[in-house]
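**Q** One letter stands for each residue in the lines below.
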Amino acid sequence: MTLKVPLVLLMLAAALMAQTGETEEQAPPVEEPTISVEETPTLSPEPLSPHHGVDLAPPGEIMVVDNPDDAGDRLIVSFQPGGETEYPEYFAGYNVYRRVYGGTEDDWQLVGILLAGEGTAMVDGYDPDYPVLTGEQYEYMVSAFFLDETQVFSAPQKAQEVASGQWFHTGTTRVLITCALFMGLIFFFFGRAKRGAEMYLRPIAGIEAIDEAIGRATEMGKPILFVPGLSDISDVATIAGLTILGRVARKVAEYQTALIVPNRDPIVYTVAEEAVKQAYLEAGRPDSYDSNSVFFLTQSQFAFVAGVNGIMVRQKPATNFYMGMFWAESLILAETGSLSGAIQIAGTDAVVQLPFFITTCDYTLIGEELYAASAYLSREPMQMGSIKGLDACKAILMVIITTGIILAIVDMVAETRTLAWLQNLVTSHVTD
Amino acid sequence: MKRAVPLMIVLVGGILMIIQYFIPHQISQDVKDNYTIWIPIITAFALVLGVGSLTRLHGHKVRNRAPNWPYSLAVLLPLYLVPIFGLLLPASMAGGRDAPSVFHFAFMHIQVPIQSTMFSLLAFYIASAAFRAFRAKSMLATILLLTAVVVMMGQVPIGELLGSWFPRVGLWIIDFPNNAAKRAIGLGVGFGILATQLKIIFGVERNWLGGAGD
Amino acid sequence: MKENIWSRMLNLDRRWIFLLIGVVCTVPFFVPFGLPVLPTKNVISIFDYVETLGPENAIFVSFDFDPGTDPENMPMAVAITRHAFARNIPVFFTANAPLAQGMLEAGFTYVTNPNIAGYFHIVSWQEWAPYREQGITRRDRLQAAWEADGNVLPENASGWVFEGRDFAKLGYLPAFALVIMGMTSSIEAQYPEDMNGNPLAQMPMLQEHKNLRDVDLAATFSGSAACMWWVLYAGDTISLPIAFGVTAVSATDYTMYIQSGQLVGQMGGLRGAAEYEVLLQEAGYFEHPDRAFIGMDVQNAAHLLILFFIILGNIAYFAGGFHKKGALLKGRR
Numbered sequence: 001m002t003l004k005v006p007l008v009l010l011m012l013a014a015a016l017m018a019q020t021g022e023t024e025e026q027a028p029p030v031e032e033p034t035i036s037v038e039e040t041p042t043l044s045p046e047p048l049s050p051h052h053g054v055d056l057a058p059p060g061e062i063m064v065v066d067n068p069d070d071a072g073d074r075l076i077v078s079f080q081p082g083g084e085t086e087y088p089e090y091f092a093g094y095n096v097y098r099r100v101y102g103g104t105e106d107d108w109q110l111v112g113i114l115l116a117g118e119g120t121a122m123v124d125g126y127d128p129d130y131p132v133l134t135g136e137q138y139e140y141m142v143s144a145f146f147l148d149e150t151q152v153f154s155a156p157q158k159a160q161e162v163a164s165g166q167w168f169h170t171g172t173t174r175v176l177i178t179c180a181l182f183m184g185l186i187f188f189f190f191g192r193a194k195r196g197a198e199m200y201l202r203p204i205a206g207i208e209a210i211d212e213a214i215g216r217a218t219e220m221g222k223p224i225l226f227v228p229g230l231s232d233i234s235d236v237a238t239i240a241g242l243t244i245l246g247r248v249a250r251k252v253a254e255y256q257t258a259l260i261v262p263n264r265d266p267i268v269y270t271v272a273e274e275a276v277k278q279a280y281l282e283a284g285r286p287d288s289y290d291s292n293s294v295f296f297l298t299q300s301q302f303a304f305v306a307g308v309n310g311i312m313v314r315q316k317p318a319t320n321f322y323m324g325m326f327w328a329e330s331l332i333l334a335e336t337g338s339l340s341g342a343i344q345i346a347g348t349d350a351v352v353q354l355p356f357f358i359t360t361c362d363y364t365l366i367g368e369e370l371y372a373a374s375a376y377l378s379r380e381p382m383q384m385g386s387i388k389g390l391d392a393c394k395a396i397l398m399v400i401i402t403t404g405i406i407l408a409i410v411d412m413v414a415e416t417r418t419l420a421w422l423q424n425l426v427t428s429h430v431t432d
Numbered sequence: 001m002k003r004a005v006p007l008m009i010v011l012v013g014g015i016l017m018i019i020q021y022f023i024p025h026q027i028s029q030d031v032k033d034n035y036t037i038w039i040p041i042i043t044a045f046a047l048v049l050g051v052g053s054l055t056r057l058h059g060h061k062v063r064n065r066a067p068n069w070p071y072s073l074a075v076l077l078p079l080y081l082v083p084i085f086g087l088l089l090p091a092s093m094a095g096g097r098d099a100p101s102v103f104h105f106a107f108m109h110i111q112v113p114i115q116s117t118m119f120s121l122l123a124f125y126i127a128s129a130a131f132r133a134f135r136a137k138s139m140l141a142t143i144l145l146l147t148a149v150v151v152m153m154g155q156v157p158i159g160e161l162l163g164s165w166f167p168r169v170g171l172w173i174i175d176f177p178n179n180a181a182k183r184a185i186g187l188g189v190g191f192g193i194l195a196t197q198l199k200i201i202f203g204v205e206r207n208w209l210g211g212a213g214d
Numbered sequence: 001m002k003e004n005i006w007s008r009m010l011n012l013d014r015r016w017i018f019l020l021i022g023v024v025c026t027v028p029f030f031v032p033f034g035l036p037v038l039p040t041k042n043v044i045s046i047f048d049y050v051e052t053l054g055p056e057n058a059i060f061v062s063f064d065f066d067p068g069t070d071p072e073n074m075p076m077a078v079a080i081t082r083h084a085f086a087r088n089i090p091v092f093f094t095a096n097a098p099l100a101q102g103m104l105e106a107g108f109t110y111v112t113n114p115n116i117a118g119y120f121h122i123v124s125w126q127e128w129a130p131y132r133e134q135g136i137t138r139r140d141r142l143q144a145a146w147e148a149d150g151n152v153l154p155e156n157a158s159g160w161v162f163e164g165r166d167f168a169k170l171g172y173l174p175a176f177a178l179v180i181m182g183m184t185s186s187i188e189a190q191y192p193e194d195m196n197g198n199p200l201a202q203m204p205m206l207q208e209h210k211n212l213r214d215v216d217l218a219a220t221f222s223g224s225a226a227c228m229w230w231v232l233y234a235g236d237t238i239s240l241p242i243a244f245g246v247t248a249v250s251a252t253d254y255t256m257y258i259q260s261g262q263l264v265g266q267m268g269g270l271r272g273a274a275e276y277e278v279l280l281q282e283a284g285y286f287e288h289p290d291r292a293f294i295g296m297d298v299q300n301a302a303h304l305l306i307l308f309f310i311i312l313g314n315i316a317y318f319a320g321g322f323h324k325k326g327a328l329l330k331g332r333r
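Residue numbers (this note's numbering), protein chains in the order written: chain A, 1 to 432; chain B, 1 to 214; chain C, 1 to 333.
Source of the hints: derived by calculation from the structure; they are not laboratory data.
The reader is advised that the hints may include incorrect statements.
Taking lysine-lysine and the PhoX-like style, the derived pairs with C-alpha atoms no more than 25 angstroms apart in a straight line are [to be verified]:
#1 A:Lys194 with A:Lys316
#2 A:Lys158 with A:Lys222
#3 A:Lys251 with A:Lys316
#4 C:Lys324 with B:Lys137
#5 A:Lys251 with A:Lys277
#6 B:Lys61 with A:Lys222
#7 A:Lys316 with B:Lys137
#8 B:Lys182 with A:Lys394
#9 A:Lys277 with B:Lys2
#10 A:Lys277 with B:Lys61
#11 A:Lys277 with A:Lys316
#12 A:Lys316 with A:Lys222
#13 B:Lys182 with C:Lys324
#14 A:Lys222 with A:Lys194
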């Protein structure tokens, strides 16, 4: 009963994505001009090539259509080759000219060059000096140019379509379906949590040790150091770290333990300051709040680490929390803290820094355990619901990965291409 | 009001940015451009707050001759002097940002060596951490130890001399088992980010509000 | 007595470890081993890709690191810059942070330092203005005209680099991720002038490569996740080929992007830079490898010492019977 909704969502999503996969066609890649617009390749002066004196058919059948899935600033120009193909050793490429429909001879602008071998189609509008305007009616002319700097021009052709912006990028259909599926699952579990459903979360040692660590610092009469990561506020790990800071600060305020919160980012500093201040207020000890406990240190990565190491060595905190995003400085931080004898609890989603924290800290929150910390600490139903929603999303992913492994083995044994079908179903390459 | 306005900004902005991703129309691009231009503006103002905080903290220590107050002076003096040399003083007074100004000297001969030195501490700490951590206490610890030795020796020329298989096996370990585990953690982190962002956008998570939160 | 030796060994004062590391990191500078460095596929792929480029292409070299990771990232950035200059590939230099701009200046100065053998001699924007006015902007014609007017390349120089034709130092702009996004449409809209105040619109290299779609490679060197901005906002959106140069600590984080085809290749740590220098030497661009290769001797020695400590710790652990006791001194002071 409880799995009905997620299963229905999953089946619907799979059906929609399969349909998208069948009908979607990849547009052929369009080559971009790679040489100067002002210069076309030339050799030292050559005698006239054999095409002179011959009535060469110019390139023709120019087709100009709106580029799909864009902001209305591109057109696709394609044409049929002319007689130049009979002289491949002298033919150098095509020039594509454009002007506003009805303009004068002087209004022609060279908007693209296709060298020999680069095909007969291009996307007009990438050049910032010659932008395509939405709704503007253009006409195009193509010339075939040769190594002796001669050109054979086509007749001007009014563009069959004008550039227009689309309101939905069809290449993102699978992304939309996936987003809807995963967000739907998370909201479903939000709803379940609000209705009071029991949700079990496995215990995480690092989070359960937070109270013990704070108590230790209080008993020893030493401060607690909390580093909310080195990233900026847009990083989710920083927000998760600040959430934990709020909880820690409330406990610290109750126990009247000193708290030190150095910050690398000025915006994170302002949020951290407010969070700690609020925590003291809620604990009923606004007078105990020390405005110097939360401060901005420096934006420089290793200068920040040097500063924090200095704090550890001088003030010898009993407990160190490292919660957020860390980079190469993580081992320097944690090892210095270990040397100072502090109990250390770390949490980061920076996978490459986890080994350093695991070897030097007493407890480590790995990856998403950091994000789950707010649910663990608050035990609010909505927070718990989000964790269960995540688990459901991961279950779907595990099914897809397992299916992929099985199909890869089947392909190896039976020489089929079933894995390609699954790859086509679940991947989406969205380019601009 | 103090809570409602930021929450409304986040709700509207978050939903708008989600929808914007799927709409290529120029109006959508203009909305994104106008939104994102605020980032450097807010960052610049926040930097002022940050410098103010640092000045207040260390100025207090210097004024009251708190323990280790000379270090606070060592923080404040360069904080203000170096920008003065870089921005306000002319080249004739060793100003400017190009060699041989004071700013350039301070950057190349003080800041660069000091920061490089800090990073070089990793070498020492990795050695002591490796000595402490890489012990064959259990089966898993033994596997960790052996893997670390193989990968380490595969990374240096002397490992290639000792055994030509070191680099091959080391690279295989990095390319396959390591990547598999990283991808698994990365997927979990990605979902965690998704859930946290949704909680923030829809107001379930309010700690980022600081004092205006729950 | 026996037990004391083993427990003393297990609880060896960190300061002995630090001292020995300091010694082994210093000695190789005076007694170089010169062991060969074999290039690996991730570095070879970057080198081979740059080998396919020439004066008609363009690359970005982005100094996205601060002085902390200078010892690892700078040799990589210098190596690829020298490779590009040797092949007359136009290079746009950028930086993602104010400190990174200082690194850009330091790296560029190193490549163009007359005191270093194999340097590249700068011809400033103003110096070759007369040739520009005559319409001589193609690389081969410009150098021919420049040398025909009596300009002789100094003996220890590898070649000329013309500002605005071979390189443009764009420098740092705030919110660099947004700058990358903007450069997918127009480089000049983001950088109307270069770091020296020269107008980008007049530079031949910009006239030929107006946005990131016209660029053939972006090589980003970073000690943090800043390199991912290039993948997110340029590599995945407009399929710009990206190469990474990252610290050894971060290198394993990005190998999955090589497997997925989002990266051309990756230089990881000092080893990656040393491999690139060896490739440059083997291809005949330069006579000797550079600083990174010298640094590999130090890495050799340090790795061996760490291995020794690991073995020592395990010997003490088992010989002292600690694996049986199940209790271990933590070794904290």
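**Q** Please flag the earlier hints that this structure goes against, numbers listed from lowest up.
**A** 1, 2, 7, 13, 14
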